[in-house]
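Engineer: Residue numbers (the numbering used here), protein chains in the order written: chain A, 110 to 264; chain B, 821 to 1084.
Hints were generated in silico from the structure; no laboratory data involved. The beta carbon of each residue, even a glycine, is placed where N, CA and C say it ideally should be. Fair warning: there could be bad hints in the mix.
[What the hints assert, rightly or not] Derived DEER-like restraints, expressed as beta-carbon distance ranges: (1) Asp919(B) - Ser217(A): 25 to 31 Å; (2) Thr854(B) - Ala135(A): 48 to 54 Å; (3) Val1070(B) - Ile226(A): 54 to 60 Å; (4) Val198(A) - Lys1057(B): 39 to 45 Å; (5) Arg914(B) - Asp214(A): 46 to 52 Å; (6) Leu891(B) - Val198(A): 52 to 58 Å; (7) Arg914(B) - Ser217(A): 37 to 43 Å.
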Amino acid sequence: MNEERLVFTWRAMLLAFLLPLVLLWAMDLTMGGSLGAGTDSLPRFGNAILTSYTLGSLVLLGNLFFYADSRQRPLAPLFGMLSAAVMGVVVTVLLLNQGSLLMEDNGSIQAQIFYNIVHMFVSAGAILLALALSLGFTFSTITAQKPRRTVFEEE
Amino acid sequence: MNPMAQAALWFWLPAALVPLGVWLSLSSKTSSGTNFGRFLAGVGMLGLVTSPWTVPDSPSSAAGHLLGFILGPAALLLSGVYLIAFSGHVPVGRLPRSDRRLGVMAFIIGFVWFVGMHWWNLTPALEEEVNRYWLVFWPTFLLLLTCLLSGAALSLRVIGDRRATESNVMWFASGFVLLLILLAMMVDGRHVDADTFRYHLWLAGADVLGTAVGLSISILVFGLIIFLHERSLPEPKSIAPPTDKEFAHVASIVAANLGGGEYE
């Protein structure tokens, strides 16, 4: 597959991924909706970014231990990744302190942080289940077809 | 014991045991380590599922309540898909043909169970109110499923070789899930009305997008840190070229392993 065709394929796949979302958006607007959650989506978007960044950094920090095994255990990357994760926590607390910018229906900053973490676990569960099902479904449709015979031409 | 300590003991500790157990079971090189990891993950799951009873006052225990509700249908869906996939034409590890019917049955029951949780009386509810995390899980799951199936359908058609039939099946599945979302946006369930679903659907969209952005940033930072560290390392020391004696030794090893006749 040449490079130009590969770029087109990736774009087409991304568009196919987004197609249902666009259709739903159009249908929602047609039904007189104003994108449902409206401005409430912004705090959710911001909280999702900060929480997934912080938790993702912590998971990758754990991953660095495996990297360290093959590199005579350097401390610099570990400190770097730990600083990146701590920065995520600090930015989250600072932004949550800015009044209603990122606060949802929770009484305190602490409650919002705990809610964000639990919310991320639930979202991650939904994402993993959807991923597993779509992969399994793709595999099922392939194995459901009759086996193919490849006829090799005589050399 | 104060409420914070109770939540830490009965919710957050089991929640931490699940990933720790999974990590141990995957990374352990001995069977006892693997089993211990599985045991820890199982205990963690049990602790989470029972958290609505152990720490009823903690708002986080609603997630444990949801987990208890979705474990059954999710296990049925996953095992159904597994049985269908591996009872088909796979070259190794093929399951008996009868498992296909069992898989289809498990998948349908799991699917109807989930649908019943939205439109019928099976909705996860705590103290007469719909579990707030159910309104996170269900729209996120449906939204991502239709998008992933649509992406997979096109991938099969564009990248796969003569996979048009399979691609059409995937388009159909994606369309079916999309139809389900549209129905949920228009038809009220017993406990979740259409407006509430629409509200949470777009929150789920913002959530998935935010998660993707946040994870991408963390991966970029991770890559940057590794890159900077590797760049700061000194050049490895050069070693002396092999001697004639070493060349002769290598040549003898290569000669001992080369050869073979016409029939080999």
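Engineer: Determine for every hint whether it applies to the structure shown.
Structural biologist: Checked hints:
no.	hint	result
1	Asp919(B) - Ser217(A): 25 to 31 Å	violated, 52 Å
2	Thr854(B) - Ala135(A): 48 to 54 Å	holds, 49 Å
3	Val1070(B) - Ile226(A): 54 to 60 Å	holds, 57 Å
4	Val198(A) - Lys1057(B): 39 to 45 Å	holds, 41 Å
5	Arg914(B) - Asp214(A): 46 to 52 Å	holds, 51 Å
6	Leu891(B) - Val198(A): 52 to 58 Å	violated, 31 Å
7	Arg914(B) - Ser217(A): 37 to 43 Å	violated, 56 Å
Comparing the model with each numbered hint stated earlier shows that hints 1, 6 and 7 do not hold.
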